[in-house]
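Taken in sequence, the protein lines are chains B and Z.
If you're matching positions, the first sequence starts at 1 in my numbering and goes up one per residue.
If you're matching positions, the second sequence starts at 415 in my numbering and goes up one per residue.
The hints are simulated quantities; they were obtained by calculation from the structure and are not laboratory data.
Some clues are possibly wrong.
[What the hints assert, rightly or not] List time: in silico DSS-like cross-link candidates among lysine-lysine, alpha-carbon distance up to 27 Å:
1. Lys268(B) <-> Lys130(B)
2. Lys562(Z) <-> Lys55(B)
3. Lys607(Z) <-> Lys55(B)
4. Lys43(B) <-> Lys447(Z)
5. Lys55(B) <-> Lys13(B)
6. Lys55(B) <-> Lys613(Z)
7. Lys13(B) <-> Lys607(Z)
8. Lys55(B) <-> Lys340(B)
9. Lys447(Z) <-> Lys324(B)
10. Lys607(Z) <-> Lys142(B)
11. Lys572(Z) <-> Lys13(B)
12. Lys572(Z) <-> Lys562(Z)
13. Lys447(Z) <-> Lys13(B)
14. Lys3(B) <-> Lys607(Z)
15. Lys60(B) <-> Lys607(Z)
16. Lys60(B) <-> Lys447(Z)
17. Lys142(B) <-> Lys60(B)
18. Lys3(B) <-> Lys447(Z)
[To be verified] Reference listing, derived: stretches of chain B covered by chain Z, where coverage requires no fewer than 3 residues with Cβ under 8 Å from a Cβ of chain Z:
19. 43-50
20. 306-317
Note that the coordinates shown come from a computational prediction; the quantities given were computed from them, not determined experimentally.
C-beta atoms are modelled at their ideal positions from N, C-alpha and C, and glycine is treated no differently.
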Amino acid sequence: MIKWSEEQEMVRKTVRDFVDTEIRPHREELEFGDLPPYDLLRKMFSTFGLTDSAKASFAKRIAREKAIEAGEANSDEGEGTRTRDENTVAFSVIPIIELCRVCPGMVTAMGVSMGLTASAIQAKGTIAQKERWVLDLLTLDKVGAWAITEPDSGSDAFGSMKATARRDGDEYVLNGSKTFITNGPYADTIVFICKLDEGNPAADRKVVQFVLDSGMEGLEQPKAFRKMGIHSSPTGMLFLNDVRVGRDRLLGESEEAFSGSGGREASKASFSIERTGVAAMALGIVDRCLELCIDYSREREQFGQPIGQFQLIQLKLANMAVAKMNLQNLVFSHIEMAAKNVPVSFTDASAAKLYAAQSAAAVANEAVQLFGGNGYMSEYEVEQLARDAKVLQIYAGTDEIQISQIARNLLAED
Amino acid sequence: MAMNIVVCVKQIPDPADPGELDPNTKTLKRDVKLILDEADSYGVEMALQLVDAAGGGEVTLVSMAPDDEVGGIRTALAMGAAKAVLVSDEALVGSDALGTAKVLAKAIERAGDADLVITATESSDGYTGTVPEQVAELLGLPSITFAKSIEVDGNTIKVKRQTEAGYDDVEAPTPAVISVTAGVVEPRYPSFKGIMAAKSKPVDEVTVADLGLDADAVGWAGARQEIVEIATAETREAGTIIEDEGEGYAQIVDFLADLKVI
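Full structure from sequences and hints, please.
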């Protein structure tokens, strides 16, 4: 893929029109007024017919899974081998890019709910569990949260995880604190990741996942944190104090669903998806920064001429254009790979994420610099984009974690 | 009762990037990428809503262009129109309002039996505002202009016709030609599915000869209207700034009284 197709261009234009008309006017409330992003996202999804297509493809998938379970279909012809139309893949990427031109936090909120949370249940849940929770997440009727990080376990997510599940008759009792949970304060459906406490040492415990609904006894969802950027993505803590759940909430209805290499592979697969998504987010941020900077370089005059005439400004613009070109190529290659069903390796996904995060943060920071005093004021968008871009270097695996993954792969012996 | 509606749409240079005027022809250069005239998107939306309300029928687009540009038509097809007739012919270059109306009238006949023909009140690049009535006259149909809402009751079209003071209730038998005021409905965004479907919707591309028209009747050859001069619009005079020191309202009253508006 070397450029957007005609249909993709139409989708870009219509999504950009929507974002400019329906979302941009709410930027102030999203940024400083604690307006949750969900109603705007729902409006976007229903406007473009995505809610209906999510319902249709979910129904098809479940029917197929039921047929496989009943022995009426062959699981070998499953999704793993199916190629997709490039447009279909691009249509899921374009809204990410376009939203990030205005409000990167909305993509985080959307991605965690429809991506991470729904995928976790889709990957390991039973058919009944999928029917109970996944569709509502895919349509955004319900808001989802995926709870892994804890106050003392960040990059070392599983190693130092303290949250526990204890068996009690036919039930489990869940305890623990989770933090930095995207959508935490508003989540209706929560995937809670913890370790099964069988009286064994913490390091030997199995990782298990449960699906919780808001309002359950013992589950607390405090209000959102104040944070540096992505204000349109509410982030909070979750507290579980003796939350009792039946086996129907244990993902896969099996304590083994997440153990062994299967669980690790599943985590890696979801990390890969998350990391390639960051390239699209970075492209949106860089694209908008460059556009604003070009306009400003033409209009802003100092020393009797537009600042674009100064070479130090030109250097910034050129560097931004290079970043945009690289990110766009990365996004094009991810679209083509997804369409051809070529998996992105974990290391390549890490490399892409590292580059995307660093270049978005660098470009947005330089955009603030190019705007000078105006750039530091929130009236000019680059200030928000610079704060928002920073998170890309931290979440979905810090830059340092990506670097160590890339290095580990380089130094691995065959 | 099914409603079949023809909507006349124009593809124009993007007003955000309009290009330039040709000093020789004194018209807008049209060799840039063309988009659907926003003024027409209201008619397309109105037509789609009327077809929905009727519970059947379809919307057909009619457009003319000197080349085979379809970018703007695709947008209207993606919104939900079923098909299009595009008159594409180099002979159309230089057509005046009446020449345009002759072509559109023939294309509307080609599109099939329409219960209603909808147009904008005027295009955003030409602004003559006369084409809808000329089309109606050529087709021998009643014409209602400046519609802010349209209701179909059997074989009668009921229109609220916008006036300076408010609106008039006007009725006409079907079929009729109705021009729709910009801004009276909210044009829908095309859905992703609609965008995918638009490419495979039929666009009947025809020439002036296909419509049985003489090439001399259209374009520069047939134009009876001439653009004599193009000039830069006068810059507006700076307004008066009144510092309000408690008596500002009196100066506003005097100002309005001078204008004889109060």
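Structure-based check of all given hints:
1. Simply put, lysine 268(B) and lysine 130(B) have alpha-carbon atoms about 21 Å apart, close enough for the 27 Å limit, and the pair holds.
2. Restraint check for lysine 562(Z) and lysine 55(B): not satisfied, since their Cα atoms lie roughly 36 Å apart, outside the 27 Å limit.
3. Between lysine 607(Z) and lysine 55(B), the direct Cα distance comes to roughly 14 Å. Compliance with the 27 Å bound is thereby established for this hinted pair.
4. For the hint pairing lysine 43(B) with lysine 447(Z), the CA-to-CA distance comes to about 30 Å; that exceeds 27 Å, so the pair is violated.
5. Distance hint between lysine 55(B) and lysine 13(B) is fulfilled; the C-alpha atoms sit about 25 Å from each other, no more than 27 Å.
6. Between lysine 55(B) and lysine 613(Z) the alpha-carbon distance is near 24 Å, which keeps this suggested pair within the 27 Å criterion.
7. Restraint check for lysine 13(B) and lysine 607(Z): the C-alpha separation of about 15 Å stays at or below 27 Å, so the hint holds.
8. Restraint check for lysine 55(B) and lysine 340(B): satisfied, since their Cα atoms lie roughly 24 Å apart, inside the 27 Å limit.
9. This hinted pair checks out: lysine 447(Z) and lysine 324(B) have alpha carbons roughly 24 Å apart, not beyond 27 Å.
10. At most 27 Å may separate the alpha-carbon atoms for a hinted pair to count; lysine 607(Z) and lysine 142(B) meet this at roughly 24 Å.
11. The straight-line distance between the Cα atoms of lysine 572(Z) and lysine 13(B) is roughly 35 Å, outside the 27 Å bound, and the hint therefore fails.
12. The straight-line distance between the Cα atoms of lysine 572(Z) and lysine 562(Z) is roughly 11 Å, inside the 27 Å bound, and the hint therefore holds.
13. Distance check on the hinted pair: lysine 447(Z) and lysine 13(B) sit about 14 Å apart at the alpha-carbon level, within 27 Å; holds.
14. Distance restraint check for lysine 3(B) and lysine 607(Z): the Cα-Cα separation of roughly 21 Å lies within the 27 Å cut-off, and the hinted pair is therefore satisfied.
15. Using a Cα cut-off of 27 Å, the hinted pair lysine 60(B) and lysine 607(Z) holds, with the two alpha carbons roughly 17 Å apart.
16. With a CA separation close to 40 Å, the supplied pair lysine 60(B) and lysine 447(Z) exceeds the 27 Å bound.
17. The hinted pair formed by lysine 142(B) and lysine 60(B) meets the criterion: a straight-line CA distance of about 20 Å does not exceed 27 Å.
18. For the suggested pair lysine 3(B) and lysine 447(Z), the alpha carbons sit about 17 Å apart, so the restraint of at most 27 Å is met.
19. Look at the region 43-50 of chain B against chain Z: 4 of its residues bring a Cβ nearer than 8 Å to a Cβ of that chain, three or more, so the hint holds.
20. Counting residues of the region 306-317 of chain B whose beta carbon lies closer than 8 Å to any beta carbon of chain Z gives 0, which falls below the threshold of three, so the coverage claim is violated.
Checked against the numbered hints above, the structure violates hints 2, 4, 11, 16, 20; every other hint is satisfied.
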